[in-house]
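Go by the hints and put chain B onto chain A.
Now for the letters of each chain:
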Amino acid sequence: MDALAEAFRLIITLDADLYEILWLSIRVSLVALAIAAVIGLPLGTYLAITHFPGRKLCILLLNALMGMPPVVVGLMVYLLLSRSGPLGWMGLLYTPTAMIIAQVVLITPIIAALSNQVIESLHQEYHDTFYSMGVTGRRAVAAYLVDARYALTTCILAGFGRAIAEVGAVIIVGGNIDHLTRVMTTAIALETSKGNLTLALALGAVLLTMSLLVNALVIGVREYAEKRQYA
Amino acid sequence: MPDSLLPIRISDLRLNKRDRAVLDGVDLTIQEPGITVIMGPNGAGKSLLLRCLHGLIQPDHGQITLGQLKVTDSRNQQAMVFQQPVLLRRTVLQNLAFAAPEMARTEPKRLMQALESVLLAHLADQPARMLSGGEQQRLSLARALLGKPALLLLDEATASLDPASVLLIESLLKTQIARGTKVILVSHDQGQARRLADEIVFISNGQVAEQSPADAFFAAPRTPVAKAYLAGEIPC
Chain A
1 MDALAEAFRL IITLDADLYE ILWLSIRVSL VALAIAAVIG LPLGTYLAIT HFPGRKLCIL
61 LLNALMGMPP VVVGLMVYLL LSRSGPLGWM GLLYTPTAMI IAQVVLITPI IAALSNQVIE
121 SLHQEYHDTF YSMGVTGRRA VAAYLVDARY ALTTCILAGF GRAIAEVGAV IIVGGNIDHL
181 TRVMTTAIAL ETSKGNLTLA LALGAVLLTM SLLVNALVIG VREYAEKRQY A
Chain B
1 MPDSLLPIRI SDLRLNKRDR AVLDGVDLTI QEPGITVIMG PNGAGKSLLL RCLHGLIQPD
61 HGQITLGQLK VTDSRNQQAM VFQQPVLLRR TVLQNLAFAA PEMARTEPKR LMQALESVLL
121 AHLADQPARM LSGGEQQRLS LARALLGKPA LLLLDEATAS LDPASVLLIE SLLKTQIARG
181 TKVILVSHDQ GQARRLADEI VFISNGQVAE QSPADAFFAA PRTPVAKAYL AGEIPC
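Residue numbers (this note's numbering), protein chains in the order written: chain A, 1 to 231; chain B, 1 to 236.
In isolation and in its complexed conformation, chain A is listed as follows:
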């Protein structure tokens, strides 16, 4: 109980170490999310509305990549960025950028696969009407993205939820370096192993609150859309 009380004191008194870790976690996850959304949404949309040989295989791969173990992603990015790896010359290993790259690899398939399902279903629904109205190409894509805005928001929030709670990949490529690459999840793992439950609990409480907020937002967006028949 003492550890829990101390944890809340850290949160309430805006403890510098805690907020440094919190801010880095949010920054890394938001940048990764933005990049993953910029790649994942067009990719999911493209696969939903075009037909080419191997399209189904691509969708199958995307769906499979959704469940990719984070440590495997971490290992792949590590091999890529390590000094002897193909991108080793960039010196990115054990930096926040490396963590962003790992998170992008992790959440892009999630955003792409989920948005693919959303847009594909809308494409099937709108196809005849759009044909009849002469709506094609970019105009159709823009319409899908606008009309699927709430569903796509929940896809993006799902990506954020995965990114912020991820530990396996970022610990491998980030190294959990104090004041440089230490984020909430890696800090919790470290502090717990050291027996310093106060900071671990405080970070855990913040992480749990963020997870609850993201999920509440997902439910709120979904309910708003369903209420107005925009889902």
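Hints may contain errors.
Okay, the calculated beta carbon distance ranges per label pair [as the list claims (entries may be wrong)]:
no., chain 1, residue 1, chain 2, residue 2, range
1, A, Gly54, B, Gln83, 32 to 42 Å
2, B, Pro163, A, Thr136, 52 to 62 Å
3, B, Ser132, A, Tyr46, 33 to 43 Å
4, A, Trp89, B, Gln126, 54 to 64 Å
5, B, Gln126, A, Met68, 21 to 31 Å
6, A, His127, B, Gly43, 20 to 30 Å
7, B, Asp27, A, Met68, 28 to 38 Å
8, B, His122, A, His51, 40 to 50 Å
9, A, Tyr46, B, Pro101, 17 to 27 Å
10, A, His51, B, Asp73, 46 to 56 Å
Covered, in the sense of this in silico footprint (three residues per stretch, anywhere, with C-beta under 8 Å from a C-beta of chain A), are these stretches of chain B [what the hints assert, rightly or not]:
no., region
11, 57-63
12, 74-80
13, 83-91
Computed, partial: chain A to chain B, Cβ under 8 Å [as the list claims (entries may be wrong)]:
no., residue
14, Glu125
15, Asp128
16, Thr129
17, Met133
18, Gly134
19, Ala143
20, Asp147
21, Tyr224
22, Arg228
23, Tyr230
To be clear, the hints were calculated from the coordinates, so they are not data collected in a lab. Built from N, CA and C at the ideal position, the CB exists for glycine as well.
What follows is chain B alone, placed relative to chain A:
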């Protein structure tokens, strides 16, 4: 007044689905303005014929010309209203604006006039998909008419609507006819066909069994299958 797409000539139209001939050599010429109602039993090929006319389905064989044009070249002079209206996840007014973006920019009042014509102006800012079935279909018709089509195709567009919506849609169709639009309507509703049709095309087993002026068709159908259909002996 829109340029006419008449006569519509369909020759030897064939379409197979799962090794079954669903359109089995349709030969048909529609040359009179007004409303042509396509009738026939379930599975006869009525909706497929309409979809071929609109270019939504490519037939396996045969030709369709509308006036001097092929189906693909006549697309922007055609509009189609489906049995299940598909509306965008936007407001009623935004649905019309999407269908006619140029008009929405230059003459937004005309969009409101279009809504007034289908008695939906008071719902302009409502989410379109929250409208009742009848209201959605009226919006769908208003959207189809924005482009002043020369040919309007309706695939059982009033099935399962309330009587008031059916009458309003029928009245709009008559207005549209007066403006020079050719209407081809698939309907199972004999009452509606009697009220609206100038001409009946009766389809059975993927072929045109009969094409007659409406009065003559209902007074004395020439084919046994049409006779049986009108007598209710063949399921709609």
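Structure-based check of all given hints:
Checked against the given bound of 32 to 42 Å, the beta carbons of glycine 54 of chain A and glutamine 83 of chain B, roughly 35 Å apart, stay inside it. At about 37 Å, the CB distance of proline 163 of chain B to threonine 136 of chain A disagrees with the hint of 52 to 62 Å. Checked against the hint of 33 to 43 Å, the pair serine 132 of chain B and tyrosine 46 of chain A passes, with Cβ atoms roughly 36 Å apart. Judged by the Cβ atoms, the range 54 to 64 Å given for tryptophan 89 of chain A and glutamine 126 of chain B holds: they are separated by roughly 59 Å.
A beta carbon spacing of about 44 Å between glutamine 126 of chain B and methionine 68 of chain A contradicts the range 21 to 31 Å that was offered as a hint. For histidine 127 of chain A and glycine 43 of chain B, the Cβ-Cβ distance of about 23 Å falls inside the hinted range of 20 to 30 Å, so the restraint holds. For aspartate 27 of chain B and methionine 68 of chain A, the Cβ-Cβ distance of about 58 Å falls outside the hinted range of 28 to 38 Å, so the restraint is violated. For the pair histidine 122 of chain B and histidine 51 of chain A, the beta carbons lie near 43 Å from each other, so the given range of 40 to 50 Å is met.
Range check, tyrosine 46 of chain A to proline 101 of chain B: about 24 Å between beta-carbon atoms, so the 17 to 27 Å window is met. Restraint check, histidine 51 of chain A to aspartate 73 of chain B: a C-beta distance of roughly 24 Å breaks the suggested window 46 to 56 Å. Counting residues of the region 57-63 of chain B whose beta carbon lies closer than 8 Å to any beta carbon of chain A gives 0, which falls short of the minimum of three for the stated coverage. Given as covered by chain A, the region 74-80 of chain B passes the check, having 5 residues with a CB less than 8 Å from a CB of that chain where 3 are the minimum.
Only when three residues or more bring their CB closer than 8 Å to a CB of chain A does the claim for the region 83-91 of chain B stand; here the count is 4, and the claim holds. A distance limit of 8 Å between C-beta atoms decides the matter here; for glutamate 125 of chain A the minimum to chain B is near 6 Å, and the interface restraint holds. Using the Cβ-Cβ criterion of 8 Å, the hint placing aspartate 128 of chain A at the interface with chain B is satisfied: the shortest such distance is roughly 6 Å. Look at threonine 129 of chain A: its Cβ gets to within about 4 Å of chain B, closer than 8 Å, so that hint holds up.
The interface hint given for methionine 133 of chain A holds, since its Cβ lies 6 Å from the closest Cβ of chain B, which is under the 8 Å cut-off. Proximity of glycine 134 of chain A to chain B holds as hinted, the smallest CB-CB distance being about 6 Å (cut-off 8 Å). Proximity of alanine 143 of chain A to chain B holds as hinted, the smallest CB-CB distance being about 7 Å (cut-off 8 Å). Interface hint status for aspartate 147 of chain A: upheld, as the beta-carbon distance to the closest one in chain B is roughly 4 Å, under 8 Å.
Here the hint on tyrosine 224 of chain A is broken, as its CB sits about 11 Å from the closest CB of chain B, past 8 Å. Evaluation of the arginine 228 of chain A hint against chain B yields a held restraint, the C-beta minimum of about 5 Å falling below 8 Å. The interface hint given for tyrosine 230 of chain A holds, since its Cβ lies 4 Å from the closest Cβ of chain B, which is under the 8 Å cut-off.
Going down the numbered hints, you'll see the structure goes against 2, 5, 7, 10, 11 and 21, while the others check out.
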